[in-house]
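J.: Got chain B sorted already, so can you dock chain L onto it with the hints?
There are 2 protein chains.
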Amino acid sequence: MSALEDRAVAPSVTVGPIQGSRKIYLAGPDGVRVPVRRVELTSGEHFDLYDTSGPYTDNEATIDARAGLPKLRAPWIGQREPLGGAVTQLAYAKAGIVTPEMRFIAIREGVDTELVRREVAIGRAVIPANRCHPESEPMIIGKRFLVKINANIGNSAVTSSIEEEVDKMVWAIRWGADNVMDLSTGKNIHETREWILRNSPVPIGTVPIYQALEKVKGDPAKLSWDVYKDTVIEQCEQGVDYMTVHAGVLLRYVPRTAKRITGIVSRGGSIMAAWCLAHHKESFLYTHFEELCDILRTYDVTFSLGDGLRPGSIADANDEPQLAELKTLGELTHIARSRDVQVMIEGPGHVPMHKIAENVRLEEEWCGEAPFYTLGPLATDIAPAYDHITSAIGASIIAWHGTAMLCYVTPKEHLGLPNRDDVKAGVIAYKIAAHSADLAKQHPRAQARDDALSAARFEFRWTDQFNLSLDPDTARSFHDETLPAEPAKTAHFCSMCGPKFCSMKITQDVRDYAEKHGLTSVEAIEAGMAEKAEEFHRRGERLYLPIAAD
Amino acid sequence: MSALEDRAVAPSVTVGPIQGSRKIYLAGPDGVRVPVRRVELTSGEHFDLYDTSGPYTDNEATIDARAGLPKLRAPWIGQREPLGGAVTQLAYAKAGIVTPEMRFIAIREGVDTELVRREVAIGRAVIPANRCHPESEPMIIGKRFLVKINANIGNSAVTSSIEEEVDKMVWAIRWGADNVMDLSTGKNIHETREWILRNSPVPIGTVPIYQALEKVKGDPAKLSWDVYKDTVIEQCEQGVDYMTVHAGVLLRYVPRTAKRITGIVSRGGSIMAAWCLAHHKESFLYTHFEELCDILRTYDVTFSLGDGLRPGSIADANDEPQLAELKTLGELTHIARSRDVQVMIEGPGHVPMHKIAENVRLEEEWCGEAPFYTLGPLATDIAPAYDHITSAIGASIIAWHGTAMLCYVTPKEHLGLPNRDDVKAGVIAYKIAAHSADLAKQHPRAQARDDALSAARFEFRWTDQFNLSLDPDTARSFHDETLPAEPAKTAHFCSMCGPKFCSMKITQDVRDYAEKHGLTSVEAIEAGMAEKAEEFHRRGERLYLPIAAD
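Just so you know, the sequences run in chain order B and L. Just so we're aligned, residue 3 is where the first sequence starts under our numbering, counting upward by one. Just so we're aligned, residue 3 is where the second sequence starts under our numbering, counting upward by one.
Hints in this document: simulated from the structure, not taken from any laboratory. Keep in mind that the hints are not guaranteed to be accurate.
Chain copies aren't distinguished; within one or between two, either way the pair holds.
[As the list claims (entries may be wrong)] Straight-line Cα separation of at most 25 Å, DMTMM-like style, residue types lysine to aspartate or glutamate; simulated pairs:
1. LYS283 - ASP511
2. LYS443 - GLU360
3. LYS224 - ASP511
4. LYS507 - GLU284
5. LYS231 - GLU193
The shape of chain B in the complex, shown without the other chains (with noise of 0.2 Å):
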């Protein structure tokens, strides 16, 4: 850890308590403490949050960016024998071994533990966890789990510094991101991982094939197996969880992509196909998979099967070399769970609504529905700068049908690097996209926020209603707009409608006058209209006399 001693300054970061909440800890078996945002409610009653911000919201905890985070998994992972040279949670569950890491999961979604084992042992889910990232808190993508969300950070060549991506982890993580890659292509590749992996409860993902380009001066061409092996381990070494490997650009799939109208959009993918076709060869991530494999396996490091042909517009999407690609990655998928390795399966990218399902029923068919990691998709390409939203739609669709998790998008997509804001913005987009998914597909524990929020946004209990939202302090400054003063946070109406409008205060003033005249069902309505109806007969029948002068 040499490298964060080092620097001489240490990267400042967001601390404390998200407002309206704070961090308690669910206790389980072999020492598990399971964290979780506990709001607090005026009702008198509390709300327990999926908690993915790490001890950077709890009050408690003492935060130095230069030790890094508690080692929570290191005993864990050092009692653990390998099996066969795997000490893959895959092969655990195999072998019908039951982790601290699928206990800690249980309590974290709420299942039972068999059944978070029965999902990794065939591959229908994954937990990312690498031996060597033993700060991290266990969590679970699968089709069966919650949906999960990713945020991508990470400095260029143009822009951006290792405090500011160190920043950005934990500024994404504080609001729901479950995953963040670290994208860097800039400066300082192996120092900026360093100081994110120490100091993130989360796990974390690259795209290797990055820095092994800068390692060979940016030419795709001078790309080797070897280079490329260095690289890995180097990034196995420090900790990384899953690794996105394009091995599924195929020579032979290069020309398909000729006449798209957005080519390979994918970095990874491109620099692939440039070596290929510069050699002449097909690409050294497919010849080596098995070796790769290897590698992968004595650190429990997660496949990302890269899809370096997905659609980058509305016209390519579901296109020949996609769905080419992506039968490629279920060969591979099935070589990798041979040797006990993980493997998650990303998808596009752009897809129109109609051709979204067809994604996911391809990908489970052919890759033995391993999780399925998608990008978005944009439901159409016609908004740079809205593209957490475009994208939050296609989203939102396709983990209904099952996708496990979703890369987040930011408003900057297509436009520049993001920022902090930024960030924010892709996150809570992507948790409305991941919420509506679960509520969609009937999660179990998935509606009871929304009618928590609910009910007190209808009984007027503004404070609560913002702190079961996925962003009090947004919420509330919103409504400190128009009506800032205290009593109005209990005020029985709001800015919109006023006093008078708000069918809120009318429904309850209707629940009221109703309960007091008897007439709180259909029956009792009806005996009423029976009843009005004779006295009607007895008025001498006039049917048009106007209701007001009744």
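T.: Showing chain L alone in chain B's frame:
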């Protein structure tokens, strides 16, 4: 128009072309001139965009809010003979008459005039066009046409002024609102509406019960058919194009909402529920519905039959009171149509994704395919301050299934009245939803814009990418944040990846290389592979020779 002359200060509004486009007019028969925004591309081509912004974005137009907009439709309206008392587009369409409004729309939508007439005649589309609002540019709402969006504006007792509301209307149409509803409930309701109508090139909708309630000092029990009728006539005379009427909130449905988490959340619905219970009588909107039809048909005001019992939370979606009311709206639709009055049906609200399609199916079945006009729906309740996003998700899906118009939701929903920024955020989110649905419905003209923008993106025509987008100002400013210099607008990379990692640049290099070496087809690649295999053979079949050493 004395209201406008009396006022000391005329509202100031945003004028001038949207960045990168200029207004032109497409000429048609009957003196029809259809506005479009023309984007001149740096490739030498141009792209015409559907335009809702009115004369405000025309450099040649003189804008004088006090004088109002030119009365575009006055000559057409003046020449028309009533058909049996009706002056509605529905009556003319049924009689086989093609109005100038229909011709205008056919050009605007790029479809046959006969399609327009036929869809209006069967009630599957409406043209909201009060003869007292001659300033409006004709537009159509129906599932066979482009999906439309509505922006709500209007003051409340707590906040806002006439100036702000007129400015918001012009601002909303600048960014693409097809229709605007004035939902004012505060001071100067009549005068505010007058300023809006005289200056609006888009149809204007209202909810007359709001003004009626003001007239009886805010006590729902004091409402009467007479007060309501007078208000409706006043608004018809002013030129309101469509009116929300909550005539489906029947007395017997009211107690059925008692067990909901969020009761009745529609303002109009709760007002009518209060009236029904207080008087223990059926709603006067229901009992006087035919009389109401007769008023609307003499102006060609379109019904927007309100969903007073729409769900206000995920828990209440698709419940019995909601669907009971929808069925009643179906009855009313057939009554209105039989009197040649145009009808749309309002829909929810808050609905999880898996329950959205059912709403469209039932609406179409029960309401004779009258255009569905939905508020979102929000796909989750947990994100106040981001409900433009939660609802854009639901809106995209419901529009894909056939909803013809989407009522926007702004980030301030549930929290406060929208300001200018919120209005724009809501409009853009809904343009995204509407366009995503047009793509998913495979509307013949929808994808051309995506293709043009994506081609510009791939070819590094940054300015064209900005100008073809929904919001050129923001797209450009985001790009400027990291690369403000003008040469960056033609650079073959951006700040995200820098020059070395630019997939688009590498793809171009790959294409150039492949072209030069004749590797532009799978066949060529395979022939090349075979040749390499020969060479490999000659070199002694060293299978495990490291590729890097070759």
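J.: May I ask which of the numbered hints given earlier this structure violates, with the numbers listed in increasing order?
T.: Nothing - there is no hint that the structure violates, so all of them hold.
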